[in-house]
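**Q** Work out the full structure, taking the sequences as your base and the hints as a guide.
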Amino acid sequence: MSVISVLTEKANDKLKILEDLTSNVKQIQDNVLEEILTLNTNTEYLQRFFHGKFDKEIFKKNVPVGTYEDVKPYIQRVANGEPSNVISTRPITGFLLSSGTSGGAQKIMPWNEKFLDYLTFMYDLRMHVITNYVKGLEKGKAMMFYFTKLESTTASGLPARTASSSYLKSSYFKNRPCNWYYTYTSPDEVILCPDNKQSLYCHLLCGLVQRNEVTRMGSIFASVMVRAIKFLEDSWEELCSNIRSGQLSEWITDPGCRDSVSMVLGGPHPEVANTVEKICNEKCWKGILKRLWPRTKYIETIVTGSMAQYVPTLNYYCNDMLPLVSTIYASSETTFGLNLNPLCKPEDVSYTIMPNVSYFEFIPLDGDENDVVDLADLKLGCSYELVVTNFSGLSSLTHRTNFRQNRRLFESLMSLSTVSSTVPCSRLSPISTTQTKFLTLSAKTQPIRRRHDLSFTPFPTLTHSNHPLRHAFSNPKSSFHRPHCIEEAGHSDTTEQTSATSVDDNEEARRSESHVALFVRMLGLDNDPLDREQAVEALWKYSLGGKKCIDAIMQFHGCLNLIVALLKSDSTSTCEAAAGLLRSIASVNLYRELVAESGALEEITALLSRPSLATVVKEQSICALWNLTVDEGVREKAADFDILKLLLTFLEDDDVNVKEAAGGVLANLSLSSSNHKIMVEVGVIPKLAKLLKGENKGSKVIRKEARNVLLELAKDEYYRILVIEEGVVPIPIIGADAYKSFRPDLYSWPSLPDGIKIEQTAKAPSRFGASELLLGLNVDEDVDEVDEAKTKAIVGRTNQQFLARIGAIEFEKELKSERPGESQQNENQNQQQQLTLLPCVDGVARLVLILGLADEVAVSRAAESVADACINEEMRVSFMEAGAVKPLVQLLANNNKEAVKLPVIRALKNLSLSRTVCKRIEAEGAVPFFINLLKQPEISLSITEQILDVLAHILDPSKEMESKFYEGPVNGSKADTRSEALDRSVISRLVQIAKTASPNLLRKAISVIEFGTVIDPTMDTIISEDITTVLDVALHQRVLDEPENEAEELEKHLLELEEAGLTISAASRLLTKLLDSESFRQTVDVTLFTELLRKILRSKLPLHYKDWVASCLVKLTSLSSPSPSLNNPINVEVTLYKTIPSLVEQMSFSSTPEAKEAAVLELNKIVSEGVPESTQALASHGGIEPLVKLLEERNERCVEASLSVLYNLSMDSENHTAIMRAGAVPVLRRIVMSQRPQWEKALRLLRDLPV
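In the working numbering, the protein residues as written are 4 to 1254.
Everything labelled a hint here was simulated from the structure, so no lab data went into it. Note that the structure is predicted; figures quoted are calculated from it, not measured. We treat Cβ as the ideally placed atom computed from N, Cα and C, and that holds for glycine. The hints are all genuine.
Listed below are the simulated DMTMM-like cross-link pairs for lysine to aspartate or glutamate, each with C-alpha atoms no more than 20 Å apart in a straight line: (1) K1168 with D1215; (2) K680 with E729; (3) K696 with D845; (4) K172 with E192; (5) K233 with E285.
Computed Cβ-Cβ distance ranges for the label pairs, DEER-style: (6) S26 with C287: 47 to 53 Å; (7) Y721 with R746: 35 to 41 Å; (8) L153 with S265: 23 to 29 Å; (9) E285 with Q558: 43 to 49 Å; (10) T999 with A1158: 39 to 45 Å; (11) K648 with D740: 41 to 47 Å; (12) Q558 with D657: 35 to 41 Å; (13) K382 with E639: 54 to 60 Å.
**A** This is the structure in structure tokens:
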């Protein structure tokens, strides 16, 4: 027979039971252990330690004190469907969910009806205790804010839910005694509603309708009471409307709530509605609970531990007129004790331990771990850890216990319950020191209430002490938007602050840490969502105190998982606080990776993906990402396509803080080069460039972060092009001192940035300079002559010169190293590499301005930037209009340092890619300077290559001929200059370079030499040199002899083939022009070059590179045979390897019918004249398919020629398959059936095909 049954039979008076429980602690504890052992002897778990005989001594000796991990496999087996007798003789009816604060994983604990037996027993006891202190409760109802949560199901089909939900959904609650204590204003359907918001609304509605019947109110935790008041503050108008009309709001959709609450309403109550409305409309809500529910005698709720922070708030709303009563200290593991003095102050609450509910043991902290002490044998002045063995399982609660004087009283300064197991007869010790629960056995005098001459024996009492919290945690009224009685609230804060500051620092720190533990415990999944929200808000505020506070939070393993889980909440406040707390934790290097591993990145992404999200939540979530992405490892995980798309969206958010945070995350992600590809693909560059170019400057922070991202991306050559294409230019930061050499022409007549002078129309200058100042305001008919590029150049030059004159173009702070402790040498090197970004108008003008400074390092960096920025025609023309060509040419002429010359030449080379800019470069006299440099044998190969690039662009013969054709003859003086420049020494130097150069350099040298044939028709200077050796080197390309490589080297082979084609084409073109010279024809070895060119013609060189090869071969043939025939071997090869492939391409890809017609007619002519192997060449180059397609044209000449060619091709049976595969048969049949003019030829072709 159970202990409770014996006690119930022994005395019907509940208070007599209390006296019996406290008078014989040792005997009751022995009976409890005996009952547990008797019931569970045959369990698989216990059989490991007992072999037939069992008693208390054997239990203490054999059963070890373990952890949850020791019994977890047994629990999991039952959860997966194995019989309950693995761990318990009593049937396991469900599982209780723990908070998951131990090790980061939520734990499940088996339970049976015994758990609810004792819980109901304690509820009955507290009812009798409270009646000794408060009279008249039986004449009314209780307004209790009870809620249930959705449950899950294990693999065995058993439910898994929180302890409170287990009781409310059990038959114990459904079949509870029908007395005043269990009579509530809310129907059971409201309590059991799965939607907590609907349930809370209905609780308040039922309580207000029955406001004159409420004699007590409360909830399990004080935080729920506070939230209920807040909800009332927001919804009282709607509640009054429902009461006045007698109808429930439409958004209450739960059927049970609607039906049961409608019965409670019972129709309209206008008088009640008016009274409630009048009370809620008052300016000050102090004491509103007593005014709304005038008969209420106390508030029943837990106000110890972490709930102590809500005491001032509750006292405010009840005006200190209602006692705050904490009745029971219980948990999911066991029910510890009962408060025998319920009307005491919250800071004096104590709970008397009930020895019949579990078997309690204590491990001395200062002694041997194996020395386990019984409850009745505790000694004063010692500290203990508590081990609990109960009927439905075991839990490990770590307590530190001190005994003072002669009363055993536990005073809890810190509480963190950690569920280790609920396997009967298991004895578990704490898992880690972070799960410690401080208990002090102090000498408080327990007030004794006498009734019928009954006294309670002194007995250990578990007391929660409510000491002042640190102000970083919360303000009691901070959860409410309306400032009720601000003067009084301010006074309350001052009092609290005075009290807090009077406490010793060490004691304050210890108390703060104890509250941290309670708050972390409240994050558990088994707690009410409202409690979890209050806990995470408190922890967030606490974390703002710095690293020490964050360390105090992070000592609890698994708290990160609980915080991350709160990001799934539907509550804005919860999500904001959870994200804010993660943001604070991620600000510490030590914890950053742990936050990422907890799943924070995924949950934050899911949170930010919600369609409608509060701004504060977005800000905290993105800032958390900002802190996380400081770590390089986390950056790689965070560079996800979805995250990047969200961040780009937030760059357009209305809130500036959200924008700045999004920019900060992108800036961090860009620090890892591995992220650049996906960032570019997602479209980062256009978005950020738009922020920099915008006329509305906006936030400095977001502009800075956008600039940092683009600068990181611009380190890659390809991405730099994309950045410049968006209209922003990288500019070197050279320091304010470098600009001191700038000397503006303040008194000169104005000119355009490119140096063009503006015509002076005034006969005499204005006395005070008005004519210069007002220049340009008088717009005349020539306004159209100033194009957009010139306009931008004028604006940019004006802006930059103004900034330079006033000394605001750059500040020294831009050059300061951001890395503490950096050496001066590294700092100087860092300064030389710093860049910024400017919009094109200002950026181009800034670079031109720097080119005119005296600082050589600054000038060289500016020239490099000009070279990098010349990515297209628009940018090249912009630099020309801004006046970049002239200072670059001057630097070329006047500076002999290679460090300056190389970037200057590179800049001119990239500028010269534009034909328009080429003319300007030549007009500025750059060619002679390049030629002089080229003559110097000591110059480096890199400079030689750059010079030849520029000269090849400027002196390109094809451009020269275009210039003559479109723009008239070149000015004679320019021709003279070129003629003087390309003298014998230059040609000799070019030939020398060409003999030993790479294919690329060889091609450029040949291109410049070729220009000599244009300006000197006699070509004597060129012929006098060993030009034939150069041509021989150029036409001997090894890549033509190499077989096609494997797939992995194919790309390299194609690039080499492309480069060889350009060189061969340039050499063939030069050879063709040199053959016009009689003296050259007499000296050249025609046979040698003929064989070389024929070999090239037969090679796999791309077809468009064979144009000049074929032309040169034809010309060489004409020299040996004045009237060549088509069957000449060379002409045949030209036809087979050049003409026919070109005509096939023309038929296939030409967009005009005329070009296709001309191609097929020419092919028909070649085939009809019987050129050897012409049909084989036509078939091998894919000519059959385009010929078949031409049969469908309406052009009769095309059809006629195509049929003729196809007929000749059909003479070779090997072509039949290709003709039929190209779809010729249906087309031919249509021609025959339609009796088109060519039907006879079509029929003849059909007869030749195997159809």
